[in-house]
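Residue strings, one per chain:
Protein chains: 2
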Amino acid sequence: MDNTNGIKEILSVKNNLSNEAPIGVFDSGVGGLTVAREIMRQLPHENIVYFGDTARVPYGSKSKSNILRFSRQIIRFLRTKDVKAIVVACNTVSALALETVQEESDIPILGVIAPGARVAVQSTKNGIIGVAGTEATIQSETYTKIIRQMNPDAVVIGKPCPLFVPLVEEGFAKHRITEEVIDIYLSDMRKTEIDTMILGCTHYPLLRSRIKAYFGEKVHIVNPAYETAMDLKKILFERGIENRSERAAAYKFYVSDAAEKFTRFANGILTYDVASTRLVNIEEY
Amino acid sequence: MDNTNGIKEILSVKNNLSNEAPIGVFDSGVGGLTVAREIMRQLPHENIVYFGDTARVPYGSKSKSNILRFSRQIIRFLRTKDVKAIVVACNTVSALALETVQEESDIPILGVIAPGARVAVQSTKNGIIGVAGTEATIQSETYTKIIRQMNPDAVVIGKPCPLFVPLVEEGFAKHRITEEVIDIYLSDMRKTEIDTMILGCTHYPLLRSRIKAYFGEKVHIVNPAYETAMDLKKILFERGIENRSERAAAYKFYVSDAAEKFTRFANGILTYDVASTRLVNIEEY
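Respectively, the protein sequence lines represent chains A and B.
Per our numbering, the first sequence starts with residue 169, numbered consecutively.
Per our numbering, the second sequence starts with residue 169, numbered consecutively.
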């Protein structure tokens, strides 16, 4: 390679990183696809590199130190794909590790909790907000803290629903049994005065219609994915790093285990057809 | 340290490794405690080092290559505790990785599948045997292969029950919902002519009474833990490495995450009182 080519390559890499570079999106497994789907819809020109940590799913019952370690490994992996921004499409990571990884990073990293909290605060009339999430997310009280920063008078009622993730992952989202598990976890919350409820785990939008039917018309159900994609759009345009190419966006999927199962699942969630998913040994990063 | 002390130390290490050295027992999480409990009962003088891979649980939906990698890391960790033998108290690992790790090891490594298969073959009258297990265990057909080696005419009917592990881990073992999930997974098997059924996952003995009631008196339920402890006893005595000390056995517990939750769970399963569980970064091994 001569010097001229060397310079061209550097320029093209720089160029790549500023506008056509992909958005990195990650989650503990398939749940984050509900966020990726929203980014595809609202930002159809953006390329996406998705990583699902299927070798270590679920995150919701794991400790802060492990969640932080997992997140750093995934961010190091995504950086090898020259991503220009990262969306943490996992509430547990957003609750436990977001601030730390944001401080360590020179590219924008967005979580799903602040966007979800904002919509909830805007939509509630009586200031009583419910949050369903994993054990780790609810115990961290991150939703409560962020909602209170926006509205100090808000009342937040959190409830961990640890079986929701395996029910979704094992294909029981539309099964009658899921209705009963919803009742077991959320009957106490239904008795309260909440008028807004946040689906505080990216798997839960896949149970949205069931949960909506359970709470009825009086409760507004918030899926943070929509608002997260809006935030991403705003940041890309503010920094002038949105993709202006007219080419069709490219989507790439990586997982740490069971790639075929992931591909089948992804094809059930996305309108885009996932041809293949690649396997990554994430512990090497 | 002078030479005399050096020699003493070597002798004591050697001595340690041959008789008073602990038994290593491992599982993806808490399920293997049902096997550890049986070893404590049948071999009350043996010291035990238990490892539960709570950072990466569940194993049942993960691939062979990852299960093998996880197992090698855990075995390397257990060897730092100078274990004289290892019991793989996890059906998924026994199904997918046992042969390989046995070939790589100079100490005995026992699984739970061969012992369970043997009891089933001995107890069946019509040769029709059911096996409930994780997706990985059932798909591997390891139970079928081992049972057929013992009785080529046996008919084996396997059924993956992926929700059983999260139901147990989340404390739903005695909940009504578990009865319904048992019915969803096992109603087809109940219609067959099986007269023997293997609980092919170390979590499932914690659902034993429910499953027994579901199948009724005509089906004999096999819990491989008992026979696995018997096998261990036999190997220790054959090799003359059983612990002849009269001291009370010491039990040590290690996990890769959420040590307190594990301790609470262990205290619900074991008769021995677990004072504390230590955290290990298993990816360093």
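To be clear, the hints were calculated from the coordinates, so they are not data collected in a lab.
Be a bit skeptical, because a hint or two may be false.
Which copy is meant is left open, because identical chains are indistinguishable; a pair holds if it fits in one copy or across any two.
What the hints assert, rightly or not - Once the Cα atoms are required to be at most 25 Å apart in a straight line, the calculated BS3-like pairs of lysine-lysine come out as:
hint : residue 1 : residue 2
1    : K402      : K359
2    : K401      : K293
3    : K327      : K402
4    : K386      : K429
5    : K327      : K342
6    : K342      : K232
7    : K327      : K293
8    : K232      : K429
9    : K386      : K232
10   : K420      : K232
11   : K359      : K327
12   : K342      : K401
13   : K420      : K313
14   : K429      : K342
15   : K327      : K429
16   : K401      : K327
17   : K420      : K327
Going through the hints against the structure:
When the C-alpha separation of K402 and K359 is checked against a cutoff of 25 Å, the pair qualifies neither within a copy, at 38 Å, nor between copies, at 58 Å. In this assembly of identical chains, K401 and K293 lie within 25 Å of each other by CA distance neither inside one copy nor across copies; the values are 28 Å within and 67 Å between. For the identical chains of this complex, K327 and K402 are neighbours neither inside a copy (31 Å) nor across copies (49 Å), given an alpha-carbon limit of 25 Å. Taking the closest pair of Cα atoms, K386 and K429 never come within 25 Å of each other, the shortest separation being 37 Å inside a single copy and 37 Å across copies.
Proximity of K327 to K342 under the C-alpha cut-off of 25 Å is found in both arrangements, the shortest distances being 21 Å within a copy and 21 Å between copies. Proximity of K342 to K232 under the C-alpha cut-off of 25 Å is found in neither arrangement, the shortest distances being 32 Å within a copy and 30 Å between copies. Taking the shortest alpha-carbon separations for K327 and K293, only the intra-copy value of 21 Å comes in at or below 25 Å, while the best inter-copy value is 49 Å. Taking identical chains as interchangeable, the C-alpha atoms of K232 and K429 lie at most 25 Å apart only when they sit on different chains, with a minimum of 14 Å there against 28 Å within one chain.
In the homo-oligomer, the alpha carbons of K386 and K232 never lie at most 25 Å apart, since the shortest distance is 35 Å inside one protomer and 48 Å across protomers. For a Cα distance limit of 25 Å, the shortest separation of K420 from K232 across copies, 24 Å, qualifies, whereas the shortest one inside one copy, 28 Å, does not. Taking the shortest alpha-carbon separations for K359 and K327, only the intra-copy value of 13 Å comes in at or below 25 Å, while the best inter-copy value is 39 Å. Taking the shortest Cα distances, K342 and K401 never come within 25 Å of each other, neither inside one copy (32 Å) nor across copies (48 Å).
Within a single copy, K420 and K313 get their C-alpha atoms no closer than 35 Å, and across copies no closer than 39 Å, so neither meets the 25 Å cut-off. In the homo-oligomer, the alpha carbons of K429 and K342 lie at most 25 Å apart inside one protomer (18 Å), although the nearest pairing across protomers, at 31 Å, exceeds that limit. For the identical chains of this complex, K327 and K429 are inter-copy neighbours only, at 18 Å across copies versus 29 Å inside a copy, given an alpha-carbon limit of 25 Å. In the homo-oligomer, the alpha carbons of K401 and K327 never lie at most 25 Å apart, since the shortest distance is 31 Å inside one protomer and 46 Å across protomers.
Proximity of K420 to K327 under the C-alpha cut-off of 25 Å is found in neither arrangement, the shortest distances being 34 Å within a copy and 34 Å between copies.
Checked against the numbered hints given earlier, this structure breaks hints 1, 2, 3, 4, 6, 9, 12, 13, 16, 17; the rest are met.
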